[in-house]
Structure formats: structure tokens, C-alpha cells
Amino acid sequence: NAGVTQTPKFRILKIGQSMTLQCTQDMNHNYMYWYRQDPGMGLKLIYYSVGAGITDKGEVPNGYNVSRSTTEDFPLRLELAAPSQTSVYFCASSYTTGPGSYGYTFGSGTRLTVV
Amino acid sequence: GESVGLHLPTLSVQEGDNSIINCAYSNSASDYFIWYKQESGKGPQFIIDIRSNMDKRQGQRVTVLLNKTVKHLSLQIAATQPGDSAVYFCAETLKAAGNKLTFGGGTRVLVKP
Numbered sequence: 001n002a003g004v005t006q007t008p009k010f011r012i013l014k015i016g017q018s019m020t021l022q023c024t025q026d027m028n029h030n031y032m033y034w035y036r037q038d039p040g041m042g043l044k045l046i047y048y049s050v051g052a053g054i055t056d057k058g059e060v061p062n063g064y065n066v067s068r069s070t071t072e073d074f075p076l077r078l079e080l081a082a083p084s085q086t087s088v089y090f091c092a093s094s095y096t097t098g099p100g101s102y103g104y105t106f107g108s109g110t111r112l113t114v115v
Numbered sequence: 001g002e003s004v005g006l007h008l009p010t011l012s013v014q015e016g017d018n019s020i021i022n023c024a025y026s027n028s029a030s031d032y033f034i035w036y037k038q039e040s041g042k043g044p045q046f047i048i049d050i051r052s053n054m055d056k057r058q059g060q061r062v063t064v065l066l067n068k069t070v071k072h073l074s075l076q077i078a079a080t081q082p083g084d085s086a087v088y089f090c091a092e093t094l095k096a097a098g099n100k101l102t103f104g105g106g107t108r109v110l111v112k113p
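Quick mapping for you: the protein sequence lines, in order, are chains A and B. Per my numbering, the first sequence runs over residues 1 to 115. Per my numbering, the second sequence runs over residues 1 to 113.
I should point out that these hints are in silico values taken from the structure, not numbers from a laboratory. Note that the Cβ used here is the ideal one computed from N, Cα and C, for glycine as well. Everything hinted at is true.
Which bits of chain A does chain B cover? Going by a derived footprint, with three or more residues having C-beta under 8 Å, they are:
no.	region
1	44-55
2	104-113
Taking lysine-lysine and the DSBU-like style, the derived pairs with C-alpha atoms no more than 35 Å apart in a straight line are:
no.	chain 1	residue 1	chain 2	residue 2
3	A	K57	B	K56
4	B	K112	A	K9
5	A	K44	B	K42
6	A	K44	B	K71
7	B	K42	B	K68
8	A	K57	B	K95
Input sequences plus hints: build the corresponding full structure.
Pasting the structure below:
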């Protein structure tokens, strides 16, 4: 199993450009999340989804949009890139039943720079 | 280059010594707590977790302590090794609220040979 796969790994955007960060998981997890991590900080939640067709805002949703048309995919869209969106973005998924760590799995991240 | 940990508190530990990393959490209703290890250029890696109805849990070389009275979490690493050098984050979650993680501030651990 691949787990959580994010693409691209690196990207440089110009101010005002748009892009989609891709995230897919093959564990049949119903919950998926997007976090961003700024230098020296913990991760902050941007958006999350509890299942296909359902999304909700996290702590820092402004400037982003998401969709969840399938269980596997949870893309994050930046419409008008701003320097404040320079960050490392992590996608994650989890299940809601079962013992242990709630099955939280993180992708390897996308490093985005807006210039 | 390193983007995590530029302004984080740092714990320098001699190889073989024990490490203790502390964390304050924010929500008294959180029902689950997790410690993550993050190495340069990688996503967070699960270390150990603890439910809110417990005050101690042990894993391989790691122990997590939970003090709900003062909303404090600690991670103890026994016999610290060079491979333990990383940034460590605690996180809290409430399963009934979508299982979203709220991360605390991280601590960089540097293991000296």
C-alpha cells in the first residue's frame, strides 16, 4: 500500500497564480485533512472531510478550497497565490473506529513557495 | 533546506541519556493525545498515543505521561540515540469533532555523540 500520496513535492508559484495540490490515499479512510506548516510551527488545519461529498473549514481556510468527490482523493486548490501561502502542506487521512492511533497517516508534504 | 524548527526550543541530550519533552495542550475536552516525530523534509511520524482516561502509557523506549489537571503532556525517551534527533510535536484531538488534530509547539531534540 502506498498510504497517503501527495503531488507535487515542490512548487514555486508567482503571486496571483493558481494551483491544485493533489492528495490520494489507498487505505479506504473516511476522514481526510489538509494541514500547513510554517517554519518553527506545528501544523495548522486548513480543511477537512469526513467523507465523500462532505468538507468543512479548519483553523486557517482563507485562500483555499477543497473538494471530496471520492473517498480516495482530496485536492486542495489555491486560487490566487499570495506570499503568505508559502509553507509546507501536508495531507493526512484517518479512520474513525478501531484501537490505537485512530489510524492517522500523513503524506510526505508539498513545499510551496510564492514569489 | 530545513523549514521546520527554525525558532523552536532545543533540547540537547548526550547519547545514552534519557530525554524529557514537555507540552501544554489547550482543550480540556480532548480525548486523545499523540506524540509525533518529524525529521527534516518528512511528514509527522506517529510515536505513541494516550487516551484521556489514562495517565501513563509505555512503548518501546518511550513513555507518555498525561496530567489532565494542568493540561500537560510529556514524552520520555530512554537511552536517547542519534536517530532520535528530530522535532517532536504533541497533538490533541476530540474524536466527536471530526478527529482533527491540534498541534502544540514543537521541540527540537539534538543528540550529541
